[in-house]
Amino acid sequence: DTAVSQTPKYLVTQMGNDKSIKCEQNLGHDTMYWYKQDSKKFLKIMFSYNNKELIINETVPNRFSPKSPDKAHLNLHINSLELGDSAVYFCASSPRVAGELFFGEGSRLTVL
Amino acid sequence: QKEVEQNSGPLSVPEGAIASLNCTYSDRVSQSFFWYRQYSGKSPELIMSIYSNGDKEDGRFTAQLNKASQYVSLLIRDSQPSDSATYLCAVTYAGGTSYGKLTFGQGTILTVHP
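Residue numbers (my numbering), protein chains in the order written: chain A, 903 to 1014; chain B, 1312 to 1425.
These are computed hints drawn from the structure, not numbers from a lab.
This one's a predicted model, so the numbers in the text were calculated from it and none came from an experiment.
Beta carbons are placed, not taken as given, at the ideal position from N, Cα and C, and that holds for glycine.
It cannot be assumed that every hint is accurate.
Ranges of calculated distance between the beta carbons of each label pair, as one might list FRET restraints [claimed, not checked]:
#1 B:Gly1352 x A:Lys954: 30 to 36 angstroms
#2 A:Leu929 x B:Arg1371: 23 to 29 angstroms
#3 A:Gln916 x B:Ser1331: 21 to 27 angstroms
#4 A:Asp920 x B:Arg1388: 48 to 54 angstroms
#5 A:Ser982 x B:Glu1368: 45 to 51 angstroms
#6 A:Ser941 x B:Tyr1382: 24 to 30 angstroms
#7 A:His979 x B:Glu1368: 39 to 45 angstroms
#8 B:Arg1371 x A:Tyr912: 30 to 36 angstroms
#9 B:Glu1368 x A:Leu1014: 46 to 52 angstroms
#10 B:Lys1367 x A:Pro997: 16 to 22 angstroms
#11 B:Ser1360 x A:Lys946: 16 to 22 angstroms
#12 B:Glu1326 x A:Lys954: 43 to 49 angstroms
Taking lysine-lysine and the BS3-like style, the derived pairs with C-alpha atoms no more than 25 angstroms apart in a straight line are [said to hold, decoys possible]:
#13 B:Lys1412 x A:Lys973
#14 B:Lys1412 x A:Lys938
#15 A:Lys924 x B:Lys1353
#16 A:Lys954 x B:Lys1412
#17 A:Lys943 x B:Lys1353
#18 A:Lys924 x B:Lys1412
#19 B:Lys1412 x A:Lys942
#20 B:Lys1353 x A:Lys921
#21 A:Lys938 x B:Lys1353
#22 B:Lys1367 x B:Lys1412
#23 B:Lys1412 x A:Lys943
#24 A:Lys973 x A:Lys946
#25 A:Lys911 x B:Lys1353
#26 A:Lys911 x A:Lys942
According to the in silico footprint, chain B covers these stretches of chain A (three or more CB under 8 angstroms from chain B) [stated by the list, open to error]:
#27 936 to 946
#28 1001 to 1011
Based on the provided sequences and hints, a complete structural model is requested.
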């Protein structure tokens, strides 16, 4: 069983479209994250939820909206996609706030 | 802005040698320090964590922390070709709006050649 799973693994879409990425963890962790890794491999935090509550909300365009229906799930919805949104998006979970992260396999988003 | 700096490399070492990876951070109010390994096309995985000054050893890996110099390093002894990957340094900060946030460096590419 995969500990942190993301779907889909690949998305190719046109500018202006809306897309969602889903994440689920079966580790029983309280904290979940979305990270963005750009083409230069720089990994930057976007959002973090602790037990369904938003605790970190970085300077991210409001076209990005996270949602956590329960502590095992964290989804990311992106409106009006732009070329610069092309990246790999990683979901992660942690047994405590920050610290030791367990990453999902990543979702590679390509905006044409 | 709190920063974590690494030399992006690539760092190339022969098989069996010691690979030394370095990282500096900008904020003295830093709490915890981590090294992640990321193989090409894969997700990062945690390999070491260190919380206090000094050395911490785990198998072939040794993490070293010097808070006075704001410096953390990772030594890989008896390097193997399977160690070839990008190594990411990460730091958490203790207070303010950065509380609990894990900030990554840009990563160092390590190549171990036979």
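Going through the hints against the structure:
no. : hint                                      : in the structure
1   : B:Gly1352 x A:Lys954: 30 to 36 angstroms  : 32 angstroms, holds
2   : A:Leu929 x B:Arg1371: 23 to 29 angstroms  : 27 angstroms, holds
3   : A:Gln916 x B:Ser1331: 21 to 27 angstroms  : 46 angstroms, violated
4   : A:Asp920 x B:Arg1388: 48 to 54 angstroms  : 49 angstroms, holds
5   : A:Ser982 x B:Glu1368: 45 to 51 angstroms  : 50 angstroms, holds
6   : A:Ser941 x B:Tyr1382: 24 to 30 angstroms  : 28 angstroms, holds
7   : A:His979 x B:Glu1368: 39 to 45 angstroms  : 44 angstroms, holds
8   : B:Arg1371 x A:Tyr912: 30 to 36 angstroms  : 34 angstroms, holds
9   : B:Glu1368 x A:Leu1014: 46 to 52 angstroms : 48 angstroms, holds
10  : B:Lys1367 x A:Pro997: 16 to 22 angstroms  : 19 angstroms, holds
11  : B:Ser1360 x A:Lys946: 16 to 22 angstroms  : 20 angstroms, holds
12  : B:Glu1326 x A:Lys954: 43 to 49 angstroms  : 48 angstroms, holds
13  : B:Lys1412 x A:Lys973                      : 18 angstroms, holds
14  : B:Lys1412 x A:Lys938                      : 14 angstroms, holds
15  : A:Lys924 x B:Lys1353                      : 18 angstroms, holds
16  : A:Lys954 x B:Lys1412                      : 17 angstroms, holds
17  : A:Lys943 x B:Lys1353                      : 11 angstroms, holds
18  : A:Lys924 x B:Lys1412                      : 22 angstroms, holds
19  : B:Lys1412 x A:Lys942                      : 21 angstroms, holds
20  : B:Lys1353 x A:Lys921                      : 22 angstroms, holds
21  : A:Lys938 x B:Lys1353                      : 14 angstroms, holds
22  : B:Lys1367 x B:Lys1412                     : 23 angstroms, holds
23  : B:Lys1412 x A:Lys943                      : 19 angstroms, holds
24  : A:Lys973 x A:Lys946                       : 22 angstroms, holds
25  : A:Lys911 x B:Lys1353                      : 11 angstroms, holds
26  : A:Lys911 x A:Lys942                       : 19 angstroms, holds
27  : 936 to 946                                : holds (count 5)
28  : 1001 to 1011                              : holds (count 8)
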